[in-house]
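Asks: Based on the sequences and whatever the hints tell you, model everything.
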Amino acid sequence: MTQLPEHLRDLDRALGAVRFEPRASLGAELLGRFQRGDRADGSGRPGRSWLMGIAAGIALGLACLWLLAPRRGGTVTVDRCCQDLDGGGSDDDGLLVVTERGSRVRSLIVYEDRDGSRSFSPGDIIRFRREGKMVLAGPLEVGARTIELCCLDYDGGGSSDDALVIVGRPPDRISLAAIYERYAAPGEPVQLR
Amino acid sequence: MPDSQQQVAPGQGISSTAEARCQAWYEAYGRAVYSYVRFHLPSADMAEDVTADTFLKAFRAADRFDESRGHPRTWIFRIAQNTLRDHLRRSRLRRHLPIGSMRDLATDAPSPEERLLWEEQVARLLDGVAMLGPRDREVISLRYGSGLDTAEVAQVLGVREPAVRTRLWRALDRLRAILVEPEQ
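Same order as they appear, the protein sequences are chains A and B.
In terms of my numbering, the first sequence opens at residue 1067 and continues consecutively.
In terms of my numbering, the second sequence opens at residue 619 and continues consecutively.
Warning: the hint list may mix true and false statements.
[As the list claims (entries may be wrong)] Only part of the chain A face toward chain B is listed, based on derived beta-carbon distances under 7 Å:
(1) L1077
(2) P1088
(3) L1218
It is worth saying that the hints were derived from the structure and are not from the lab.
Glycine included, every Cβ here is placed at the ideal spot set by N, Cα and C.
Replies: Structure follows, in structure tokens:
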């Protein structure tokens, strides 16, 4: 009994025709990350609490050392493309965030991927740009609306727990863009970055 | 030390053999892993994250992989299964998220209209898959998402091939029932 039953053949054919293609540059990017010693985002696995405790202790110690150490760069750049971030109706916008890994945002750019490179490149149109602190790029316009996207690693912190909030008027005006930690403790105010 | 166990020391200079091996793994299984993951996740970005995590874990553990004990495809797909499970647990995704943009859907459709129709059909199929139980979803994603044949799926799941066929047919039956239901 190795033949697929007759009534399932159409479904088998339809599913068999579905193929998704990863971004063409993903392989080269992964090798580059591996060569730089980047870790996988979700390497932690629950269970074995004592091991987790030891690991957490070591991580805490390293974090303290890192906090006390003099700063030498330590920035990470995250480039996410492509989604509809400006409300224009096309998935052709990208977000470029430069952060001090997982914490302060140094620079945030929302761009339109004009050349189809699926990453920020010189030919792209910048829809919104800010350095450091939060800014409102001009007064909010009539018809402005808020777009919120969740959850990805927007700050390079290693977890897909960040949300992006954009306020603007479709199809291409953006007045404000910020990221924040999506899973803040209940009752705790959300810190926009 | 066999060739496959050459030093792979991330961040400390990686041997060209190890690099070539990692590259070969991605070229051989990257698309299949991505497509498998994408059957479970509603967006291309999420699928890319999980695929990236899968291969970074595989690259980092390459020195511990012993080819005499199993096929790299089986090993990489098991890493993908675990990575996906962790991702779903962390992100607390709702089951019936609408399938988002299909920008990563491969198609030979000759016109934009036909592409749109195909996207709608795929969205409907994957919405149906998302409504299945985890075992059904897993066997369908491995068989059709990754394009593995039933013998290869059996290796990944650690069961015999006839068991995979039975499981797959039952899953297809249930999916068919889900897809037909709204039309009745």
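Asks: Now tell me if each hint is right for this structure.
Replies: Consistency of the hints with the structure:
{"no.": "1", "hint": "L1077", "in the structure": "holds, 5 Å"}
{"no.": "2", "hint": "P1088", "in the structure": "holds, 4 Å"}
{"no.": "3", "hint": "L1218", "in the structure": "holds, 6 Å"}
Consistency with the previously given hints is maintained throughout, with no hint failing.
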